[in-house]
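Visitor: Just so we're aligned: 122 in numbering that gives the first Met the number 0 is position 123 of the sequence shown, and the numbers increase by one with no gaps anywhere.
Keep in mind the hints are simulated off the structure, nothing from the lab. Each hint should be verified, as a subset may be incorrect.
Stated by the list, open to error - Here are the computed distance ranges between Cβ atoms for each label pair:
| no. | residue 1 | residue 2 | range |
| --- | --- | --- | --- |
| 1 | V116 | G68 | 24 to 30 Å |
| 2 | L65 | I5 | 52 to 58 Å |
| 3 | R60 | K123 | 39 to 45 Å |
| 4 | T33 | R106 | 38 to 44 Å |
| 5 | G23 | Q62 | 26 to 32 Å |
A virtual CB, placed ideally from N, CA and C, is assigned to each residue, including glycine.
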Amino acid sequence: MDLQLIPGVVIPAAELRWRFSRSGGPGGQNVNTTDSRVELVFDLAATASLPPHLRARAMQRLQARLVEGCVVIAASEHRSQWHNRVAAQRRLVELLQDAIKPPPPPRRATKPTRGSVQRRLQAKKQRSAVKQQRRGRDQLSDD
0 MDLQLIPGVV IPAAELRWRF SRSGGPGGQN VNTTDSRVEL VFDLAATASL
50 PPHLRARAMQ RLQARLVEGC VVIAASEHRS QWHNRVAAQR RLVELLQDAI
100 KPPPPPRRAT KPTRGSVQRR LQAKKQRSAV KQQRRGRDQL SDD
């Protein structure tokens, strides 16, 4: 089944490679007989389904996750292989959507308002006065 990342960008099912293995953990005798763990491999470096600028952005952002230019997603949280396949596809789509979205606009530096500066200084003076008061009281009790 083809995966749609954003309107106009679709990953064909032919570019997805699947590997199946036995899942670890609890599950009784069923675990020993079924290959319910799923690995989804997508070759990001060689894909033709992403435009070059989106592919470059995704490669740069997913650089730490790539294994020889491929994104590998493992899913074994469900007992059925089908549910694990759906979970792996969903995770791949979410991962790639995050990787190809445009960067946020740069932060514009601002100055604090005059009122906020005055409120901060007033709070500091008040706190200082409270501490000053405590200091005087402690010296009286030591005598």
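Visitor: Does each hint hold? Answer for all of them.
Guide: We went through each hint and held it up to the structure:
1. Checked against the hint of 24 to 30 Å, the pair V116 and G68 fails, with Cβ atoms roughly 52 Å apart.
2. Distance hint check for L65 and I5: the Cβ-Cβ separation is about 21 Å, which falls outside the suggested range of 52 to 58 Å.
3. Taking the beta carbon of each, R60 and K123 are about 42 Å apart, inside 39 to 45 Å as hinted.
4. At roughly 51 Å, the beta carbons of T33 and R106 sit outside the given window of 38 to 44 Å.
5. For G23 and Q62, the hinted distance range of 26 to 32 Å is satisfied, since their beta carbons lie about 29 Å from each other.
In summary, the structure is inconsistent with hints 1, 2 and 4 from the numbered list given earlier, while agreeing with the others.
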